[in-house]
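K.L.:
Sequence:
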Amino acid sequence: MCSTQGPIVESYEFFEKIQDYIQEAKSAESNAESHNAEDKCNSFMISSGRYFTDKERAKIICKQFIKLYDSLTDCKINSNTNYKKCSDFLNYWVNFKLRKIMKGEDNCVSHVYDLLESQFTADEDFNINIDNKYIYNINEDDLHKMNILYSLYEKYTDISAMLENTTSRDKELLLSLSNASCKVYHEANYMCNDDNNNSKFCQELNKFESKYNELDGKVREQASELSDYFIRLSECPNTKIISTAVTGTIVGLIPLLGVLYKFTPMGQVLRSKMGILNNNISNTDEDTTNISLMEQENEPIKFQQGTYNIKYQSL
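Using full-length UniProt numbering, read the sequence shown as starting at 1 and increasing by one per residue.
Hints in this document: simulated from the structure, not taken from any laboratory. Note that beta-carbon positions come from the ideal geometry of N, C-alpha and C, so glycine has one too. One thing to keep in mind: the hints can contain errors.
Unchecked claim - BS3-like, lysine-lysine: derived pairs with alpha carbons at most 30 Å apart: (1) Lys76 with Lys183; (2) Lys183 with Lys26; (3) Lys59 with Lys26; (4) Lys171 with Lys200; (5) Lys155 with Lys218; (6) Lys17 with Lys59.
Claimed, not checked - Label pairs and their computed distance ranges (CB to CB): (7) Asp114 with Asn196: 14 to 24 Å; (8) Glu16 with Asp131: 39 to 49 Å; (9) Asn36 with Glu56: 17 to 27 Å; (10) Asn127 with Pro237: 42 to 52 Å; (11) Ser30 with Glu172: 21 to 31 Å; (12) Glu172 with Glu221: 20 to 30 Å; (13) Asp216 with Asn238: 48 to 58 Å; (14) Lys200 with Lys26: 38 to 48 Å; (15) Asp123 with Arg169: 41 to 51 Å; (16) Ser176 with Asp54: 27 to 37 Å; (17) Glu140 with Gln222: 34 to 44 Å; (18) Glu56 with Arg220: 14 to 24 Å; (19) Lys200 with Asn31: 42 to 52 Å; (20) Glu235 with Asp39: 45 to 55 Å.
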């Protein structure tokens, strides 16, 4: 088992700069090609491939990590005021990426990270300088909550970039991003009930809400043609409530229809209509039966008539 070496209370401070980190992460994930990193990551897979369910994916993550680390200048100097935030973000990113593909019995991020980092020790091109105390297994609950916040900010960043781009504004994409944000937001908001709304996660969610709702003002001021395609968080349809309401309505109608059928004039009309229908069905059945009997009665006659056509020949 891998012990969690992190703090008792998980830090969410890196979300203060999450938009910058998301931009750098997207860049690293979209193009992580580097000849030197390729060689080093090949060596990493030879020595550590047994820890992963998907070795090819692990190799890609290795190259992405090197490019991401290289782009985050805050992570390279310990005295930098944002060094801890940057290191915490890298720890989140490593947990988020690697734990998806690590074998259950070997799910120890800190150990695997040490193996990865060792491939780049004393390398002139990649001098990784992350204090080991910042790389550890984030507990499952906090990792799930961080994933939710990260997903929300990813969509927020995409919407914000769309508003900045005055030459290309895709209305359907905006609506899709808004709907996706609503879906994730409902899950997050459900976690922040009255007994839990003072947690670090809920505080960060409140900050996100404020930022996201500011986009509404930008939409109305800068791109009014998009206003019908942007959904405020307060206006997000709650699919759980809607589905529950529809189900409840259908269930409630069943006994009501029973009462209407038995004790109201409408029920009498329905019963009379059903009676006529049943009579028609009965009459049809009787006619079918009579026709069948007539055919059976005629069969002997046909047989008898056929006998007269047989010529008699004596032996």
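K.L.:
Out of the numbered hints, which ones does the structure contradict?
P.N.:
1, 4, 7, 8, 13, 14, 18 and 19
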